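Protein chains: 2
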Amino acid sequence: MGDPEYALYYWPGIQGRGEFVRLALEEAGASYVDVARLPRSKGGGVEAILRVLRGDLGPHLPFAPPVLRAGEVVVAQTAAILHFLGPRLGLVPRAPELRLWAHQLQLTITDLVAETHDTHHPVAVSLTYEEQRAESARRAAYFTAERLPKFLGYFERVLDAGGGRHALGRRFSYVDLSLFQVLEGLRYAFPLTMGTLAPRIRRLSALAEQVRMRPRVAAYLESPRRLPFSTEDVFRYYPELEAATPEAQGRRRTRGRRS
Amino acid sequence: MGDPEYALYYWPGIQGRGEFVRLALEEAGASYVDVARLPRSKGGGVEAILRVLRGDLGPHLPFAPPVLRAGEVVVAQTAAILHFLGPRLGLVPRAPELRLWAHQLQLTITDLVAETHDTHHPVAVSLTYEEQRAESARRAAYFTAERLPKFLGYFERVLDAGGGRHALGRRFSYVDLSLFQVLEGLRYAFPLTMGTLAPRIRRLSALAEQVRMRPRVAAYLESPRRLPFSTEDVFRYYPELEAATPEAQGRRRTRGRRS
Numbered sequence: 268m269g270d271p272e273y274a275l276y277y278w279p280g281i282q283g284r285g286e287f288v289r290l291a292l293e294e295a296g297a298s299y300v301d302v303a304r305l306p307r308s309k310g311g312g313v314e315a316i317l318r319v320l321r322g323d324l325g326p327h328l329p330f331a332p333p334v335l336r337a338g339e340v341v342v343a344q345t346a347a348i349l350h351f352l353g354p355r356l357g358l359v360p361r362a363p364e365l366r367l368w369a370h371q372l373q374l375t376i377t378d379l380v381a382e383t384h385d386t387h388h389p390v391a392v393s394l395t396y397e398e399q400r401a402e403s404a405r406r407a408a409y410f411t412a413e414r415l416p417k418f419l420g421y422f423e424r425v426l427d428a429g430g431g432r433h434a435l436g437r438r439f440s441y442v443d444l445s446l447f448q449v450l451e452g453l454r455y456a457f458p459l460t461m462g463t464l465a466p467r468i469r470r471l472s473a474l475a476e477q478v479r480m481r482p483r484v485a486a487y488l489e490s491p492r493r494l495p496f497s498t499e500d501v502f503r504y505y506p507e508l509e510a511a512t513p514e515a516q517g518r519r520r521t522r523g524r525r526s
Numbered sequence: 268m269g270d271p272e273y274a275l276y277y278w279p280g281i282q283g284r285g286e287f288v289r290l291a292l293e294e295a296g297a298s299y300v301d302v303a304r305l306p307r308s309k310g311g312g313v314e315a316i317l318r319v320l321r322g323d324l325g326p327h328l329p330f331a332p333p334v335l336r337a338g339e340v341v342v343a344q345t346a347a348i349l350h351f352l353g354p355r356l357g358l359v360p361r362a363p364e365l366r367l368w369a370h371q372l373q374l375t376i377t378d379l380v381a382e383t384h385d386t387h388h389p390v391a392v393s394l395t396y397e398e399q400r401a402e403s404a405r406r407a408a409y410f411t412a413e414r415l416p417k418f419l420g421y422f423e424r425v426l427d428a429g430g431g432r433h434a435l436g437r438r439f440s441y442v443d444l445s446l447f448q449v450l451e452g453l454r455y456a457f458p459l460t461m462g463t464l465a466p467r468i469r470r471l472s473a474l475a476e477q478v479r480m481r482p483r484v485a486a487y488l489e490s491p492r493r494l495p496f497s498t499e500d501v502f503r504y505y506p507e508l509e510a511a512t513p514e515a516q517g518r519r520r521t522r523g524r525r526s
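Line order of the protein sequences matches chains A and B. Residue numbering for the first sequence follows the working numbering, beginning at 268 and increasing consecutively. Residue numbering for the second sequence follows the working numbering, beginning at 268 and increasing consecutively.
If you are wondering where the hints come from, they were derived from the structure by calculation, not from laboratory data. Any given hint might turn out to be false.
If chains are identical, the list can't say which one is meant, so a pair holds when it fits in one copy or spans any two.
Said to hold, decoys possible - Using 20 Å as the maximum straight-line C-alpha spacing, the simulated SDA-like pairs for lysine to any residue come out as follows:
id: 1; residue 1: K417; residue 2: P326
id: 2; residue 1: K417; residue 2: R336
id: 3; residue 1: K417; residue 2: L394
id: 4; residue 1: K417; residue 2: D323
id: 5; residue 1: K417; residue 2: E514
id: 6; residue 1: K309; residue 2: F351
id: 7; residue 1: K417; residue 2: A381
id: 8; residue 1: K309; residue 2: A475
id: 9; residue 1: K309; residue 2: D323
Quick caveat, the model's predicted, so the values are computed rather than measured.
Next comes chain A alone, as it looks inside the complex (with noise of 0.2 Å):
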């Protein structure tokens, strides 16, 4: 066996947004390493992260994990990664109008993501939740009531739009490995607000328990490369989070909108 095709740096301990990059390299059975999992003693560690920010690949800098190098190329941002992986995976159609709208897709995950990073650290990366725990309450709050239903609710559209199997309609992609991954996370970041949400998303529900059943899915999640979610990770469970409402609600604004 020769070197893998592919090398993913990512945290090590987490599943953070690497996550997203190694359940497509799963589900394609790719040759990949993982390589701050590695011992020290390979070249492992959270010190080949650093050396990567460092730009010790070349002059294409990421700004963070997780980088994906392959062959010559490297290229980071967890969106990213996944449109230059698709086609080379088969993971989405080869009509560029269909893999931009499957990468479209995800960088409306990608933000999703972030608001749900930011209900823990509404503040400052560099602070602990506990460090922010007031304003995590305040921020939660409105999340999910208001923009949690709303994400979720613009997926199950698009699933609705498209018949519904898959996000893209008939043919499965890598946007539905991370509508399941994202799912997981949230149902287990927000377990009350999930369970609320549910007669919602039925055909959300659907495709991630489609996805789960998947062969390769299923053995990589049995698997101990498949981490368990923890609160060190982006989706993180503080039952406190779930117990606020907004002081706000009643009055929401017709127009929730992101100026």
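Start from chain A and add chain B according to the hints.
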């Protein structure tokens, strides 16, 4: 004259995320209509956007503006729009790996814009700034002390690695236009901080001046099509947000990791 080749749908009255697309269309001298800025009698106004969000342009449903229509193609998400427009407008090299690199940089600009937005909306987009003033002050303090220097330092290093003239090295691209816009916005919103950072972002500042003097950009900036910055927009000037300093400064973590 026939129909314009491109239709842009974005909130009228603000620059917002639409401005990154406008700058690309303007620099290329493209034929486009800024639909929502037309009078309602001609199909403009906010109603035009609401129709698009309801799906009036077809099955590729956008989550939020900006949305671009080019013939049969309908695409949302600022960075995806620029990724699509880039080769058509001659604003990015056609080599796939350079196009991907440009897109990766644009996605990091997108992250910076989102974090800038959240300095005045750290709790909820459905609340006014005044309703989240305390949280804004705390978030803005960390943003100006930690995140902004990190982002701008990153782009400065990218310019440095590429030779300094353009984001992609020798070739001008839409990324340069976006970096100009971000710098303009940040100087409006955080004049003191940007003054302090100036010596550390010489290459970025030179790039922005270069972009400003491009004939079509210069003409656009002086035209009524260029809207002024304002406190209704993504970049907002609230002097009090520059007055705060992070209570935790001095014990800054070594790793400002975003899980």
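Within a copy, between copies, both or neither: where do K309 and F351 come within 20 Å Cα-Cα? neither (27 Å within a copy, 40 Å between copies)
If the cut is 20 Å between Cα atoms, do K417 and D323 qualify within a copy, between copies, both or neither? For K417 and D323, the Cα distance is within 20 Å only across copies (19 Å; inside one copy 41 Å).
As a check of your reading, is K417 near P326 (CA-CA no more than 20 Å) within one copy, between copies, both or neither? Cα proximity of K417 and P326: across copies only (18 Å, versus 39 Å in one copy).
At most 20 Å between CA atoms: does that hold for K309 and D323 within a copy, between copies, both, or neither? within (16 Å within a copy, 55 Å between copies)
Within a copy, between copies, both or neither: where do K417 and L394 come within 20 Å Cα-Cα? Intra 28 Å, inter 16 Å, cutoff 20 Å: inter-copy only.
Reference check for the pair K417 and E514, CA-CA at most 20 Å: within, between, both, or neither? within (19 Å within a copy, 34 Å between copies)
Intra- versus inter-subunit Cα pairing at 20 Å for K309 with A475: neither (36 Å within a copy, 43 Å between copies)
Within a copy, between copies, both or neither: where do K417 and A381 come within 20 Å Cα-Cα? both (15 Å within a copy, 18 Å between copies)
Alpha-carbon proximity context of K417 and R336, limit 20 Å: neither (35 Å within a copy, 23 Å between copies)
In the structure shown, a violation is registered for the earlier hints numbered 2, 6, 8, in ascending order.
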